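Colleague: Each chain, written out:
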Amino acid sequence: MVIEITVRNAENGSTLNMEVEPHTTIEDIIEGAAEFWQKEAGAYVLRRGKRLLKGQSTVQDAELKNKDVLELIPDPEGG
Amino acid sequence: MPAKITSWTETTPKERSPPPPERISNHRWFTERMNALYQEMRSELPLYIQKTAEEKMRNHSLAGLAKEQEVMGLMLGGAFTHDGRIYAIVRDVVTTNLDASISSVRFHEESMEGLFDSLDDLDFEYSIVGWYHSHPGMGCFMSETDVGTQQGVFNLPHHSALVLDPLNHELEAYYIHENRVKLRAMGIYWDEYQDPYRG
Chain Y
0 MVIEITVRNA ENGSTLNMEV EPHTTIEDII EGAAEFWQKE AGAYVLRRGK
50 RLLKGQSTVQ DAELKNKDVL ELIPDPEGG
Chain G
0 MPAKITSWTE TTPKERSPPP PERISNHRWF TERMNALYQE MRSELPLYIQ
50 KTAEEKMRNH SLAGLAKEQE VMGLMLGGAF THDGRIYAIV RDVVTTNLDA
100 SISSVRFHEE SMEGLFDSLD DLDFEYSIVG WYHSHPGMGC FMSETDVGTQ
150 QGVFNLPHHS ALVLDPLNHE LEAYYIHENR VKLRAMGIYW DEYQDPYRG
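Respectively, the protein sequence lines represent chains Y and G.
Going by numbering that gives the first Met the number 0, 16 is the number at position 17 of the first sequence; the sequence numbering is gapless.
Going by numbering that gives the first Met the number 0, 9 is the number at position 10 of the second sequence; the sequence numbering is gapless.
Take the hints with a grain of salt, since some may be wrong.
Calculated lysine-lysine pairs in the BS3-like style (CA-CA distance at most 25 Å, straight line) [what the hints assert, rightly or not]:
(1) LYS3/G to LYS66/Y
(2) LYS66/Y to LYS53/Y
(3) LYS66/G to LYS53/Y
No wet-lab data here; the hints were simulated from the structure.
Note that this is a predicted model, so its numbers are computed, not measured.
Between the sequences and the hints, there should be enough to build the whole structure, so can you do that?
Modeller: In C-alpha cells form, the structure reads like this:
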C-alpha cells in the first residue's frame, strides 16, 4: 500500500511530500530528496524523531506510517 | 521503487536586522587575512556567530587537540535578509561522538541519535547553516575532502565552513562560489546582557 511521508530539509525548513511503497528503501527516499535539493545523497542521513533510519532498510522495516515526518540531516566528512 | 515526489514547500529567509555594531567583534584567533576581511566588511557581514556558540567550537577543538584528533559539528541558526543582502546567524552548535584521527573526522554512525537529541533540545526552530571542524596544528584551509563536503552539502549561498587550528590559535571561515573556495567574512556577536565585564 502506498503511503505519503514528508521529508524536512534541516538546512532551510523546506519540505517534500513523497509517495512511497512498503519496499521503497530509505536510500531511495534520501536519493529522491537529495536530487530534488541538488545535494550529494551519500552525505545525508534520515531520522524519524530520535531514530536513525538505516539506508538499506525499507519503509516496511522502518515501520513508517502515513503522514510520518522525516528529517534529512547532513552527515559531513572533514579532512 | 523510487520515492515519488507529489508536492513541496519552499522557505525564504526572513527580513531581520543583524546584530548591532556595538555587539560585534572580530575573533582573537582570526588569521591576518580574516582580520583584514572583517575590517573591510564589518558593516555588512555575511556571517554572525553567537559568542556561546563560538566558545563551544573553540573549546571542542582544544579538547580534540589534547587527543590529537580533529573535531566536527553542525552550526545552527538561520538565514535572514537585510537591505537586500543575505546573511546567516549561528546561535548554537551540536556534535556527537566522532570517528576521528589527526587528519579526518566524521560523526560516529552509532552516535547519530546523540546528535538528534541535541537538535531536539534546542530552544529555537533551527536551520543548519554550516559546519565546523578542526585541523590540529595543520593551519586553516579547505582540504579536498572539505571542499567535497561543502559542494555536496553546504552549497546554499549562506552556508559556511568554519575551520579552527587549536594549536596555532587560528580560525577561518569559507564558502564555495562558482566551484572556488572563498574566505567568508564573519563576526562574533553577543546578546545585550551577555557581556561578563559589564558594570
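Colleague: Hint by hint, note whether the structure agrees.
Modeller: Results of checking the hints against the structure:
1. Proximity of LYS3/G to LYS66/Y is assessed by CA-CA distance (about 14 Å); at most 25 Å being required, the pair is judged to hold.
2. A C-alpha spacing of about 19 Å is found between LYS66/Y and LYS53/Y, which places the hinted pair at or below 25 Å, so the restraint holds.
3. Proximity of LYS66/G to LYS53/Y is assessed by CA-CA distance (about 30 Å); at most 25 Å being required, the pair is judged violated.
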